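Novice: Listed in order, the protein sequences are those of chains A and B.
Residue numbers for the first sequence follow the numbering used here, so the first one is 980 and each next one is one higher.
Residue numbers for the second sequence follow the numbering used here, so the first one is 980 and each next one is one higher.
Calculated from the structure, these hints are not laboratory results.
Keep in mind that a hint or two might mislead.
The list makes no distinction among identical chains, and a pair is therefore deemed to hold if it is satisfied within one copy or across any two copies.
As the list claims (entries may be wrong) - Keeping only pairs whose Cα atoms sit at most 20 Å apart, straight-line, the calculated PhoX-like set for lysine-lysine is:
hint, residue 1, residue 2
1, Lys1162, Lys1324
2, Lys1162, Lys1100
3, Lys1023, Lys1059
4, Lys1466, Lys1324
5, Lys1023, Lys1348
6, Lys1059, Lys1348
7, Lys1059, Lys1324
8, Lys1417, Lys1100
None of these values were measured; they are calculated from a predicted model.
2 protein chains.
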Amino acid sequence: MPSFLPQLDSLSLAAQVAQMVVVRASGYLFDHQIRYPAWEPPAKILESWVADLGVGGVILLGGSAAEVALRTQQLQDWAKVPLLIAADVEEGVGQRFAGATWFPPPMAIAAIYQHNPDLAKQYAERMAAITAQEAQAIGLNWVLAPLVDVNNNPENPVINVRAFGETVETVSQLATAFIRGAKPYPVLTAAKHFPGHGDTNVDSHLELPVIPHNLERLRAIELPPFQAAIAAGVDSVMSAHLQIPALDPIYPATLSHRILTQELRQNLGFEGLIVTDALVMGAIANGYGANEAAVLAVEAGADILLMPVDPAGAIQAVCSAVEAGRIPPERIRESVERIWTAKQKACAPPLKETTSHAWESIQPSVQAKELVAQLAQPTAIALVDAILQDSQRVHTPCLSRLANQSLQDNRNLVILDDALERDLVGNYTPAVTIPASKGYQLQLIDSHTPIDALNRSSVPQQPTLLQLFIRGNPFRGSAGLNQTAQKWLNFLRDTEQLQALVIYGSPYIFDQYVPSLPPNVPYVFSYGQMPQAQAIALEALFSMV
Amino acid sequence: MPSFLPQLDSLSLAAQVAQMVVVRASGYLFDHQIRYPAWEPPAKILESWVADLGVGGVILLGGSAAEVALRTQQLQDWAKVPLLIAADVEEGVGQRFAGATWFPPPMAIAAIYQHNPDLAKQYAERMAAITAQEAQAIGLNWVLAPLVDVNNNPENPVINVRAFGETVETVSQLATAFIRGAKPYPVLTAAKHFPGHGDTNVDSHLELPVIPHNLERLRAIELPPFQAAIAAGVDSVMSAHLQIPALDPIYPATLSHRILTQELRQNLGFEGLIVTDALVMGAIANGYGANEAAVLAVEAGADILLMPVDPAGAIQAVCSAVEAGRIPPERIRESVERIWTAKQKACAPPLKETTSHAWESIQPSVQAKELVAQLAQPTAIALVDAILQDSQRVHTPCLSRLANQSLQDNRNLVILDDALERDLVGNYTPAVTIPASKGYQLQLIDSHTPIDALNRSSVPQQPTLLQLFIRGNPFRGSAGLNQTAQKWLNFLRDTEQLQALVIYGSPYIFDQYVPSLPPNVPYVFSYGQMPQAQAIALEALFSMV
Chain A
980 MPSFLPQLDS LSLAAQVAQM VVVRASGYLF DHQIRYPAWE PPAKILESWV
1030 ADLGVGGVIL LGGSAAEVAL RTQQLQDWAK VPLLIAADVE EGVGQRFAGA
1080 TWFPPPMAIA AIYQHNPDLA KQYAERMAAI TAQEAQAIGL NWVLAPLVDV
1130 NNNPENPVIN VRAFGETVET VSQLATAFIR GAKPYPVLTA AKHFPGHGDT
1180 NVDSHLELPV IPHNLERLRA IELPPFQAAI AAGVDSVMSA HLQIPALDPI
1230 YPATLSHRIL TQELRQNLGF EGLIVTDALV MGAIANGYGA NEAAVLAVEA
1280 GADILLMPVD PAGAIQAVCS AVEAGRIPPE RIRESVERIW TAKQKACAPP
1330 LKETTSHAWE SIQPSVQAKE LVAQLAQPTA IALVDAILQD SQRVHTPCLS
1380 RLANQSLQDN RNLVILDDAL ERDLVGNYTP AVTIPASKGY QLQLIDSHTP
1430 IDALNRSSVP QQPTLLQLFI RGNPFRGSAG LNQTAQKWLN FLRDTEQLQA
1480 LVIYGSPYIF DQYVPSLPPN VPYVFSYGQM PQAQAIALEA LFSMV
Chain B
980 MPSFLPQLDS LSLAAQVAQM VVVRASGYLF DHQIRYPAWE PPAKILESWV
1030 ADLGVGGVIL LGGSAAEVAL RTQQLQDWAK VPLLIAADVE EGVGQRFAGA
1080 TWFPPPMAIA AIYQHNPDLA KQYAERMAAI TAQEAQAIGL NWVLAPLVDV
1130 NNNPENPVIN VRAFGETVET VSQLATAFIR GAKPYPVLTA AKHFPGHGDT
1180 NVDSHLELPV IPHNLERLRA IELPPFQAAI AAGVDSVMSA HLQIPALDPI
1230 YPATLSHRIL TQELRQNLGF EGLIVTDALV MGAIANGYGA NEAAVLAVEA
1280 GADILLMPVD PAGAIQAVCS AVEAGRIPPE RIRESVERIW TAKQKACAPP
1330 LKETTSHAWE SIQPSVQAKE LVAQLAQPTA IALVDAILQD SQRVHTPCLS
1380 RLANQSLQDN RNLVILDDAL ERDLVGNYTP AVTIPASKGY QLQLIDSHTP
1430 IDALNRSSVP QQPTLLQLFI RGNPFRGSAG LNQTAQKWLN FLRDTEQLQA
1480 LVIYGSPYIF DQYVPSLPPN VPYVFSYGQM PQAQAIALEA LFSMV
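I would like the entire structure built from these sequences, with the hints used as guidance.
Specialist: Structure, rendered in structure tokens:
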């Protein structure tokens, strides 16, 4: 069988090191659509990274599924060695790329696990299978999931509902089910964030969290899900930007030889790809210098350098470190061998049907009918429905404030972090359309709404359906939103305008709000925030009318 | 030369009538992305309209340029006779389909015409060429532009800045330049809305406006731009949903034999396609009955029935009218002959390069590199830039409130109609990012913002950059938004917090606000609202600092 990968020895040192680099790019096709110009290069630079530097992969954010199908085609077209193309599709491909299937956060499945472990495992396995298949359909070959962090700190702003649960058992069972589900597809999985990011209340996107636990505790709580994932055959493990003094008093996990090589590679016996979390994150780039961080990560044992600040600079720095004898050449060679193994699985071009045994370029063209036949199929949408239904919590009081009321001219007050974010709430989503169809008037509060002096004179008295979209979000945190929501909730409750409450997102916020609700206020909690979750939650609510 | 269109005689009456129908569909690929379920059918129904009923065309709304490229491929794949695929891309393909070039509204070019007619005509011509070429690149073959309405009523909620000016000369010159520009491409143009929609202050999407002018006035103002467009070779003319008693005391233009046949076909000698405006619009569908409206439109002389409420019902009703002798069969035959002529121009499949003289199916696949080489090219973006720059109005006072002030902790107050609408303002657009980079804090007001009790105690005192996105919008009108904006403007002015003002959109609103501004408040007016307009306006503003 002819290999589509070049012989390792035919690659220069720089070419080998370049294969260890995964750069970030926008999923949109056009430069003028780039949303994060600080992180996402324009096409000319991206093409030079892929075609000339020869980076090993790209991580994509933004764009719809259809656009990404074209974008991955363009990227593979530029590459001489087929690329790993990764995306943070923890909640299905539709979480990031509109059109594909969008699953609720993993913690919804963990909630189902509490009363029906077998069903929950089945859900996680099927969710992974669908995610892997849809990723493949649009040219992604590296699903940066599952999280195996144990979210045992409800204040965790960055992991939170992204975790497959709060206990070792739940997380291990569901994460391994996820890995099993993705296994049959030519798509890599990633267990993250090593050695465990569940017990922190600091967002590592902003600063470096410290995990103060001793080794015993780490071996009891944080590490077992990684062991389970490795045993289940996970393809890669992503490091965390965390300081864990019990394992390494000096370096954060991403740069720590003790953590990546001694603990993960040697003690846990992991033979797949070790990938850093994004090296541009402040905790790393600012603390160590951008290029030095890349060298330290390779020294520590990383095979893949994710999103270095300056790819050419990082490659150059690692090459210099090899030439200076600081990094042995075998260190590079081992990583590239692992990358080759991964690419054999994830990048094999399809055997062309017409000409026997001729290899086609990966994705020669994109066909609408193939996309439509592979994404968001009825079985996938039914699975999302089942997970949402089975994890939803509904309170139907005997004497509900919703019953026997005219809904005309009631207020549909939606509070969300950011009305300018695209995917959750729009004029066409059920959180808006269903109440509107019953006569509710939409009002909207987000973190940019001015005037927060709430009093009887400033807000006309109206029976109010309050819908809160609130979960722990990386980069933003939910503290500010939580305060605004709490203020409105109290105001509406105290003025007896609160007719019904729906919370989408955080079960922790939900648990915090419920005790203060009058008993005749019906409520629904959904783990999901996407349109399908809104439809299911509001259907449950209005079925009471 | 082999024709790719079947012989007319081989088609049944129903098949011929079906060719006269253009149905509406979402540009998105997936059913779960449909935003207007009342108007946009799911794939199964759409496929049956195209494949089984054999409708003649589809009008698309929604989705990005990349998605539409796939969507048009899918539609042509379903069709036995190649489809006309239309879109309301009056302001460039990017106005509707993200990724392509988005031009400012035509009235921006009309403003340039006032001081440089030749340059303005050149702009209109180049805008049309780019729009036609980009339409073709994503499989659209019918550009529903240019407007030839003379916007001589500043209160016009539906035409407004969509018009190529306020005088017969400006509109005629620029609209014909547009038609010339599109001419070399295999894409149809449409002059609209016959016999002239410029002098009304009622939105015909909501009710039927009446144009009370006599015939003399119509021949002096409304009709000449249509005559000019016809002389320039426009491919189609779209009717208006208007009542014009001077021309027809009974029927609105869309259903009027006097207007469509006697005036347009006979008096003006137009030989191309006469297309109705959307038959689902309330003024028509409610007034005459959905299927009867289709029959009346054919009787009146329409060749294309745009968006009938029920395509199968409309086809059936027209067939019955023919069989009952109410419509002569030649009436249908003439229309389909015109449609065939149009399709010869707009739907010819590309000659396959490899096999000589073999016809390829239209759009066999979509290639990222072809899209990237054809949409939003640097010359197109430069043209948008030039139109925006040349039509922008800037006031730089000697003693500007912006000069020598710290901008840290200032307020960037953005007022727009609907924060949930996607395209204008986002966290990544210049209206947000440029002020943020200077230290401004974003605040956002839209029509859903609760609490409008503005007073010193409810709004913390802060120097404020006020950015208004306000233009006449079909369906919504700008009256409510205008009131909100006026209230904030007055409040900020009276409390001396107004540091600078940018208005994006309506020159009429701008003219209304300017006299009340203190002389030391700098301001910018831009016809454009898109991100590129924001960048140019804010650059002009902050260059004063």
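Novice: None of the hints should be skipped; say for each whether it holds.
Specialist: Hints, one by one, checked against the model:
1. Only within a single protomer do lysine 1162 and lysine 1324 lie at most 20 Å apart by alpha-carbon distance; the minimum there is 11 Å, versus 51 Å between protomers.
2. In this homomeric assembly, lysine 1162 and lysine 1100 come within 20 Å of each other (Cα to Cα) only inside a single copy, at 15 Å, whereas the closest approach across copies is 61 Å.
3. Proximity of lysine 1023 to lysine 1059 under the C-alpha cut-off of 20 Å is restricted to the intra-copy arrangement: shortest distance 16 Å within a copy versus 41 Å between copies.
4. In this assembly of identical chains, lysine 1466 and lysine 1324 lie within 20 Å of each other by CA distance neither inside one copy nor across copies; the values are 52 Å within and 62 Å between.
5. When the C-alpha separation of lysine 1023 and lysine 1348 is checked against a cutoff of 20 Å, the pair qualifies only between copies, where the shortest distance is 13 Å, while the shortest distance within a copy is 31 Å.
6. With identical chains, the CA atoms of lysine 1059 and lysine 1348 are at most 20 Å apart between copies only, with a shortest distance of 16 Å across copies and 28 Å within one.
7. Taking CA atoms no more than 20 Å apart as the test, lysine 1059 paired with lysine 1324 passes inside one copy only; the shortest distance there is 17 Å, against 41 Å between copies.
8. For a Cα distance limit of 20 Å, the shortest separation of lysine 1417 from lysine 1100 qualifies neither inside one copy, at 38 Å, nor across copies, at 50 Å.
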